[in-house]
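Assembling the complex is the task here: the two chains are given apart, and the hints tell you how they should meet.
Which chain is which? The protein sequence lines are A and B, in order. Using the working numbering, you'd call the opening residue of the first sequence number -9 and step up by one each time. Using the working numbering, you'd call the opening residue of the second sequence number 10 and step up by one each time.
In short, the hints are calculated from the structure, not lab data. Computed from a predicted model, the values in this text were never measured in an experiment. Every residue, glycine too, gets a C-beta built ideally from N, C-alpha and C. What you were told as hints is all true, and nothing was included just to trick you.
Derived list of chain A stretches under chain B, where covered just means 3 residues or more per stretch with a C-beta under 8 Å from a C-beta of chain B:
id, stretch
1, 23 to 32
2, 123 to 135
So, partial list: chain A residues that the calculated Cβ filter (under 10 Å) puts toward chain B:
id, residue
3, P18
4, K90
5, D115
6, G116
7, R117
8, G119
9, I120
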Amino acid sequence: MKNLKLFIPLAIFLVLGVFLLRGLDRDPSELPSALIDRPVPAFTLPDLQDGTQTRDQSLFQGQVSLLNVWGTWCVACRVEHPFLVELAASGVAIIGMNYKDEPQAARQWLVDLGNPYQVNFEDRDGRLGIDLGVFGAPETYLVDHRGVIHYKHVGVVDAKVWAQMKPFYDRLQAARDRERP
Amino acid sequence: MTGARVVLLLWLLAGSAAQAVIEIAPLSTAELEARYRVLIAELRCPKCQNQNLADSDAPIAADLRGEIRRLLEEGRSDDEIAAHLVARYGDFVLYRPAVQPNTLVLWFAPGVLVAVGLLVLVAVIRHHRRSAVASRPLAAAEQQRLDDLLDSCEKEDRP
Chain A
-9 MKNLKLFIPL AIFLVLGVFL LRGLDRDPSE LPSALIDRPV PAFTLPDLQD GTQTRDQSLF
51 QGQVSLLNVW GTWCVACRVE HPFLVELAAS GVAIIGMNYK DEPQAARQWL VDLGNPYQVN
111 FEDRDGRLGI DLGVFGAPET YLVDHRGVIH YKHVGVVDAK VWAQMKPFYD RLQAARDRER
171 P
Chain B
10 MTGARVVLLL WLLAGSAAQA VIEIAPLSTA ELEARYRVLI AELRCPKCQN QNLADSDAPI
70 AADLRGEIRR LLEEGRSDDE IAAHLVARYG DFVLYRPAVQ PNTLVLWFAP GVLVAVGLLV
130 LVAVIRHHRR SAVASRPLAA AEQQRLDDLL DSCEKEDRP
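Isolated chain B (complex conformation) (with noise of 0.2 Å):
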């Protein structure tokens, strides 16, 4: 993806999120607001666990929301802002989990299990490729054995 469209997906999503929280007040800039859209859509609440700040009625995300605007006021930066929830919820809040030791397994495993299934998959077409070439051809006797087969068949089906 391009930058352009990182941006537009992330515009969108903002959108949505923006639609799902009615706040009192806005932010001084619409600069901050944007921030603070895209930082609620990406920060989990941790009370509801499977929803974003965003998206949450918990009295707790309603209560995150406010020190992320308090904090984006205060003219902090996003990673700022992000650390200083990790620092008191842990890295549960992250959507995005930042990549350290004990995230590894999170960000790769999925592009390493990709890449076993296609090698397994090549080695079975390969596997199966190589015994459809060593096939022999039929005897004549077993082609006729077979058309003797296919034969009987057809007429078993017909009433």
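Next up, chain A with everything else stripped away, as it sits in the complex (with noise of 0.2 Å):
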């Protein structure tokens, strides 16, 4: 009994030190998004090309898609950029949420650097933002073809992201096939 007491200190060390080591992987600044399983939020803002026209949340209707919010004044955007080009040439489907940007900077941008996105619609003073939980760009969340949002990544989507999500793109693709008559 004695003896066994010796080792309550060792105990409580690993317990702490498991802890510890969980604590070194995980990234403090990924929160986990509110919106998960939730609606895509109402809206109705202009489209980037065309700003007579105005885009709602019906954009998610029909099809599994990603919301990508980007802006011109966002380093990691450009990083990020090439690949989501890459991605539409592969047939994802990408709608653009210009978050608080110029738009003219920003249709110059895709003529630039080549335009991923199906659609683009302007969040100018961040109201769709804030409804999405939005803090930063770029984000990225995967929406399915009833306009529910299924994940969410925070920064910039590269190939290693990709891989995280495709899994859960193609679940909702076959779901998607599923319905289709």
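Rendered as structure tokens:
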């Protein structure tokens, strides 16, 4: 009994060690999204290419898509852009939310760097951004064919991140295909 | 703490918060302004993490302050405003999280740990006392040896 007591500090140390070790791998800036399994919030915002047209949440009906939050002021978005172009070329539907940006600069960016987006709309004052829980750019949401958000990634989407998102994407795509008559 | 002291503390906190933020237009009433200051002191900036909305210079913090001002002017209650932000940014934005299943450890672990620590302390003290009582006085021969040892130490200490 007395000998067992001697091991208590070691046991406490081991338990603490396991927790601290796990903490090393975790990125504290990665917050779980409050919008997982909830529909894309309602909005009516101007189209980036044609300011006279408006876009709304019905954009996300009928196809599995990525909602990408970007801006020309965002350096990481420039890093991410080539991979989005690649994804779009492979057939992934990407819808862009141009976040707190100058529309003129944004249009020029798409001319210069290529346009991976099916549709782009402007959230100039960041109101939809707040409804989506956006706290920076880039952020990317995976949305199913009913307009429900299933996954959120904060930061640059690259091949490594896409490898994590792809299983979700494939599953949603399969679910959609089953429903198609 | 009494209710009045809590109010005073919040008021002082709010005062420091107000100095940190320069807003363009004040809210329509002093009551709203006071509630606004308490809210931005208690809500956390999702981008900069260890700052509240009042202290943060991040654009998103400015946006959220604007959102809170808008909701206050719409006549929403403090709880509604907090719920509004939690629905979008998660429990993370609350510096004072609600008591719910996933925050039980957060709320009660410190108290439990202090209680366990006190119990251990009491046990150690009792154990110590019992063994002190159990120790018998020295026998004459032992006492003699102790005195000799102390004497020799003293001699060695002198130059």
